[in-house]
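Student: Residue-level listing of the chains:
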Amino acid sequence: SQTIHQWPATLVQPVGSPLSLECTVEGTSNPNLYWYRQAAGRGLQLLFYSVGIGQISSEVPQNLSASRPQDRQFILSSKKLLLSDSGFYLCAIYPDRNYGYTFGSGTRLTVV
Amino acid sequence: SQQGEEDPQALSIQEGENATMNCSYKTSINNLQWYRQNSGRGLVHLILIRSNEREKHSGRLRVTLDTSKKSSSLLITASRAADTASYFCATENSGNTPLVFGKGTRLSVIA
Numbered sequence: 120s121q122t123i124h125q126w127p128a129t130l131v132q133p134v135g136s137p138l139s140l141e142c143t144v145e146g147t148s149n150p151n152l153y154w155y156r157q158a159a160g161r162g163l164q165l166l167f168y169s170v171g172i173g174q175i176s177s178e179v180p181q182n183l184s185a186s187r188p189q190d191r192q193f194i195l196s197s198k199k200l201l202l203s204d205s206g207f208y209l210c211a212i213y214p215d216r217n218y219g220y221t222f223g224s225g226t227r228l229t230v231v
Numbered sequence: 021s022q023q024g025e026e027d028p029q030a031l032s033i034q035e036g037e038n039a040t041m042n043c044s045y046k047t048s049i050n051n052l053q054w055y056r057q058n059s060g061r062g063l064v065h066l067i068l069i070r071s072n073e074r075e076k077h078s079g080r081l082r083v084t085l086d087t088s089k090k091s092s093s094l095l096i097t098a099s100r101a102a103d104t105a106s107y108f109c110a111t112e113n114s115g116n117t118p119l120v121f122g123k124g125t126r127l128s129v130i131a
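Top to bottom, those sequences are chains X and V. The first sequence: position 106 = 225 (the working numbering), numbered continuously. The second sequence: position 49 = 69 (the working numbering), numbered continuously.
One should not assume that every hint holds.
Unchecked claim - Derived CB-CB ranges, DEER-like:
1. Thr122/X - Thr40/V: 46 to 56 Å
2. Gly36/V - Ser139/X: 45 to 55 Å
3. Gly160/X - Thr117/V: 39 to 49 Å
What the hints assert, rightly or not - Computed far set for chain V versus chain X, every beta-carbon distance over 12 Å:
4. Leu31
5. Thr40
6. Gly60
7. Arg80
8. Ser93
9. Ile130
Source of the hints: derived by calculation from the structure; they are not laboratory data. Note that the structure is predicted; figures quoted are calculated from it, not measured. Every residue, glycine too, gets a C-beta built ideally from N, C-alpha and C.
Please put together the full structure from these sequences, using the hints given.
Tutor: Rendered as structure tokens:
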């Protein structure tokens, strides 16, 4: 079965500081990978997705970027965080179209 | 952008009662999925129903899909306190397009 590792679990960063969130996957190869963000008490907003190494699709223009340097590694970055970047960031894979997404445990980011 | 809209936004019931949550969407879909999220955790997939299916069961869960009305419902029977969570519907529109999630229904089951 697939396992998603996300770290850190929580992060408090000052405005203007850089960000790097990492997601790694075990138990599958060439998965579709996704970054979602969830504001407090809200639904999920798709940020980026990738169907292969080096292939990134951006859904929301903002100061965030994503990269997929390896098949099972997905990185979310920012050069300068904004207060509005606060939220719960979730990485997900879609290993089986007969089933559904598998989500990581998430990173709660607070920008202060 | 959000396609699915869950109704109600919040639901509070007594243990043992049934809980029904509804989801409406706007465009044609390949499938519709329901997820559960415990507070502060990642989402867990519950059930997937394809556009050519009308009803699906999994344990105490029953999902219906009405493509003519672009709506789905999730029924949890004989609810337990452990069912307390937020429930989200998500739609897959076509091919490799990512899931689009609704805003969720927050269910509280009181023991």
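Student: Which of the numbered hints above does this structure break?
Tutor: 1, 3, 6
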